[in-house]
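Novice: For this one, chain A is given, so just place chains B, C and D on it according to the hints.
Chains as they are written, first to last, in the numbering used here: chain A, 1 to 96; chain B, 1 to 96; chain C, 1 to 96; chain D, 1 to 96.
No wet-lab data here; the hints were simulated from the structure. Be aware that one or more of the hints could be misleading.
[Said to hold, decoys possible] Taking lysine-lysine pairs in the DSS-like style, the calculated list, with each CA pair at most 25 Å apart, reads:
no.	chain 1	residue 1	chain 2	residue 2
1	C	11	C	68
2	D	74	D	12
3	A	68	A	12
4	D	83	C	68
5	C	11	C	74
6	D	68	D	90
7	D	14	D	74
8	B	14	B	74
9	B	68	A	68
10	B	90	D	90
11	A	90	C	90
12	C	74	C	12
Protein chains: 4
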Amino acid sequence: MNTLTDLEISKKLKDYPDWEFYDNALHTDFEFDNFKDCMSAMNRIAFECEVLNHHPEWTNIYNTLDIKLTTHDKGGVTELDFKLVDAIRKIVEVEE
Amino acid sequence: MNTLTDLEISKKLKDYPDWEFYDNALHTDFEFDNFKDCMSAMNRIAFECEVLNHHPEWTNIYNTLDIKLTTHDKGGVTELDFKLVDAIRKIVEVEE
Amino acid sequence: MNTLTDLEISKKLKDYPDWEFYDNALHTDFEFDNFKDCMSAMNRIAFECEVLNHHPEWTNIYNTLDIKLTTHDKGGVTELDFKLVDAIRKIVEVEE
Amino acid sequence: MNTLTDLEISKKLKDYPDWEFYDNALHTDFEFDNFKDCMSAMNRIAFECEVLNHHPEWTNIYNTLDIKLTTHDKGGVTELDFKLVDAIRKIVEVEE
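Chain A on its own, in the form it takes in the complex (with noise of 0.2 Å):
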């Protein structure tokens, strides 16, 4: 699996208008009602993440989650980083 370049991702990120691509890696955050709901939709973005054996850099402050996709060991965003994304817009149900 290859990186993808900027223009790949720029493409297939008009799809995903809240996620940005910068510094190498792919960002969005949400915002949930409150802490519980937070660390409920984590717990179940983790199982997706073992099954693609993939992890987000992920920080919550409270309501918050704060997330960056990047494959370390590629240098850079993959298919796989897309793959992460698809299941988390699954999970927070992002209306559009």
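Specialist: Quick look at chains B, C and D alone, frame taken from chain A:
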């Protein structure tokens, strides 16, 4: 509940060698065997956060967990932060 | 807090079509898309159990969850059980 | 993968004193310090269930957890059940 002075915090931290005080907050980082163990620890700690109604700023990357504790509405470290430190230590079972 | 009478429980259950009363307890069962969704729902409900300090007897088999609620130390169904029912329904988002 | 014979199961269970075989399934029950510890253990075990794609029938009441393992589509106990037993024991850290 007032913020603790730097001197009070320094004295207390003698009993907590895994924690440091800087940038107006208590900090530590843990390394677990794997992502699953880390998520489970976060999940278990989350219960105690709700009990104390006090929540960390924490970042997980695979098997590592960075925790930062401060009492935002007091503008510094208070006894509440040390209560959460105690709860976290009990769960992660730091042996010294 | 007293136990509710059979009549009181019957009246209340008109608003809770997914719940039944028998054997001195409230009962329901949920079916989720998969095991992971079921475990996440249990985890989210667990936070509310701690808030209420009231806990279910519940059985999980793959994607199914059977829940039984009663107030043991009162010997029957009380308002506390209905509070937990409300919390559970909010999480599982039963649409009727 | 075939079901194990009663003799094979009996032999294996000598190394698992906390588990019993009856009704065509392996059974155990755990008692934790509190509900939160029990839920965290279930949550941690759930990850291993997904890894093995094998799931228990388990009942939680406050700090207790009853676990029943069988391989439904084979009609009995198989090596897969013992793999999940091993994973569970490692998490709950049974000392004998």
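Novice: For each hint, tell me whether it holds in the structure or not.
Specialist: Structure-based check of each hint:
1. C:11 with C:68: It holds: about 19 Å lies between the C-alpha atoms, which stays within 25 Å.
2. D:74 with D:12: Within the cut-off at roughly 19 Å; holds.
3. A:68 with A:12: holds (16 Å)
4. D:83 with C:68: Violated, because 30 Å separates the two Cα atoms, which is more than 25 Å.
5. C:11 with C:74: holds (20 Å)
6. D:68 with D:90: Holds. Residue 68 of chain D to residue 90 of chain D sits at ~17 Å (cutoff 25 Å).
7. D:14 with D:74: holds (23 Å)
8. B:14 with B:74: holds (23 Å)
9. B:68 with A:68: holds (19 Å)
10. B:90 with D:90: holds (20 Å)
11. A:90 with C:90: Distance ~20 Å between residue 90 of chain A and residue 90 of chain C Cα, so the pair holds.
12. C:74 with C:12: OK: residue 74 of chain C and residue 12 of chain C at ~19 Å, within 25 Å.
When the structure is compared with the earlier hints, a violation turns up for hint 4 alone.
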